[in-house]
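Asks: As you go down the protein sequences, you meet chains A and B in turn.
To convert a position in the first sequence, counted from 1, into the numbering used here, add 10.
To convert a position in the second sequence, counted from 1, into the numbering used here, add 9.
The calculated label-pair distances, taken between Cβ atoms and stated as ranges, are: (1) A/A272 to B/D83: 23 to 33 Å; (2) B/V220 to A/E135: 24 to 34 Å; (3) B/A38 to A/A272: 44 to 54 Å.
Coverage of chain A stretches by chain B, computed from C-beta distances (three or more under 8 Å per stretch; other residues unrestricted): (4) 88-95; (5) 139-147; (6) 360-373.
So these bits of chain B aren't anywhere near chain A, every CB distance computed over 10 Å: (7) A38; (8) P48; (9) I105; (10) S110; (11) I172.
Please keep in mind that the hints were generated in silico from the structure rather than gathered at the bench.
Treat the numbers as computed from the prediction; the structure is a model and nothing was measured.
The beta carbon of each residue, even a glycine, is placed where N, CA and C say it ideally should be.
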Amino acid sequence: MGSPKESPNPDTKRVSRRRLLAGGALAGVSLPILHELVPHGGIHEAISGSGHDAAAATTGAAADPGHGETGALLHATFAAGTEVDHKANGFNPTEMLRDFDYGQTRRLPGGRTLREYTIVARDKEIEVAPGVFYPAWTYNGRVPGPTLRCTEGDRVRIRFGNASQHPHTMHFHGIHSAFMDGMPGIGEERGGGLIGPGESFDYEFDAEPFGTHLYHCHVTPLAAHIAKGLYGAFIIDPKQARPEADELVMVMNAFDTNFDGANEVYAVNTVGFHFQHNPIEVARDELIRVHLVNVLEYDLLNSFHLHANFFDYYPTGTSLEPNELTDTVILGQGQRGILEMRFPKPGRYMFHAHVTEFAELGWTGFFEVS
Amino acid sequence: MEAANPASTRGRLPAWVLGLVPLALLALAVAALALLDGPGLGDRKGVPVEEIAIERTELHPGRIELTIRNDGPDPVTISQISVADAFVPFSGAGEIGRLGSRTLTIDYPWIEGESYGIFLLTSTGGTIETAIDAAAESPDLDLGFFGLMALLGIYVGVIPVSIGMVWLPFIRRVGPAALRFLMAFTIGLLGFLGLEAILEGIDIAGGGPQVFGGSALVFIGAAVAYLALAAIDSHMRARRQAARDAGARGGYIALLIAIGIGLHNLGEGLAIGSAYAAGALALGAFLVVGFAIHNTTEGLAIVAPLADERPALRRLLLLGLVAGTPAVLGAWIGAAAFNTSVVALLLGAGAGAIIQVIVQLAPTIRDRAGRSLTPQTVAGIFSGVALLYVTGLLISV
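For reference, chain A alone in the conformation it holds in the complex (with noise of 0.2 Å):
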């Protein structure tokens, strides 16, 4: 083919005109196809240059992640130069790891412990990639809410103020009565079921079971009440507490920016690439556990996969004991557990959605072990 670009040298150009005079012999005799897609002589630059950058992605990666010094391509990331305002948005994904709401605690008379929570339901712009801002509703300013932590056997009650625009809820996972079940048109006699604009009520229920839990917003539509950024983890640790450890609240999240059902950024504690540029900084041998929540909405299915280590897996976080060792786990909307998991050897490890569509817009991460 005629190409002038891979013909440095003249004679290799009279080559190709002459194949173009000479081919109306062969249109005699041939009916090629027209649309017919000439090949621009064997693999592609881009593919064999790859050798190079991986000389640099390796001292380019350290600095930042998702681009080399030579500025190639090693993880999909954003705009170069970009960052998402966190003070502008009021939260940080990076803080809201290890951010526990235990509440305000009263002992009852019998001894157990009562917890108030506060929480207001707000309308909000958020950004949720560089310079991609998302009208999003939240609990208490916050896209995911504040991580609601208590005992089992606790009293738990939460005052919910509505202080935005439209009707929520707070629908808890857990065991408690109906009227508490944060469910439009039950409970509405009691002041409950759906809490209007200007609105509020107080959830109050026992604390059980323990495990790693959500809550979110149970109005209709549904899945746009949870996808606008109405849901946070909600954790009952047992009564017997497990051991010491750096413990993570990662919710899994992503944002249908164009309103068209399906998502365009994919994040943890929501903003996209949070943990690719700012890794997560942890000990080497330290116990690390990590309470994974899953509120994908759009999407049937998101995972977790760790990166040169495994983890013991305890779904639902309703048992003490670990049900499997694995480096993998796949949650379904609403599923969420607990992993646990230490570093022996200092580094950096990545974490990512294994459905890796989503890795790559948004849902990849690092720990920095040290």
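We have chain A; now place chain B onto it with these hints.
Replies: Chain B in isolation, oriented as in the chain A frame:
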């Protein structure tokens, strides 16, 4: 204002000043509205409209370049880009004002022959989609490339048209009935080419920014060309009558045909050039042979009005170049600087020129009884259409 006393105003001010008064008032009104921010109108209702047209896609090793234009009423900010469902680093992020254009350079290890869906994610979370059907490296715009495109243009434009013009001696020998048939045949050819130019123009315009008029540009181009040629024709007729130079008539029509066909061939060149740039063109003999057969008939159309004349060889060559070389130009533009709006306008102009030519040719198929659409001439028109239709099947790029 002086308007209170129209009689005296008319007396004192020249007419052109009066003509400027509404313009001055308009300027004042515009300035006042702009300064006061459209009093009483308030803010816009609803969310900003984000319309982006992808004007050009170029692929280089490890890199995709998109030239985009803001086609809508509001500024648009491109924040992120995903290629094949993966976010990618790129340069060129930021706000693009109304009618503004920008080139986004994406780092991406694309693979030859594969197709890619590309999403531009705006600041509001909106997406603009585009696709690369089959990735192929864009040609470097060096001398060799322009040479190759020129060669292609000569193969499909200049050579076939010139060959077709060699029918001239034959045309001189045939009788008036056969000549009428040939003229009708030419009208059929031209009608087909004109329709093709309009359809292609609409198709191309539909793929580009609509803000400059979109497919309306095709009709604007056609109307402008038709009316301009009609005006030129009426001017020249007046001069010819004064000079009693009836002989120049056929030469003029031949030139018009050459121009119309030239603009049509520009379209063919564009198709070849842009297909080549996109890597979707099977270069080679079949393509060239197809175009040659198709375009040889165009040469016949140019010389048909010259049956009664003895034009110099130089003049014939010139006509061939007028009709053929735009294919070269088209191939260059198509591969290097494709602008859908300009192309739509040019194709429309080609169609307008062709329609004007058909109007000019119409009297030549009239027989002595004054009838135009006789069975013979209708058969001629059909033959022209059919020939181009059939040979057109050979050259779909």
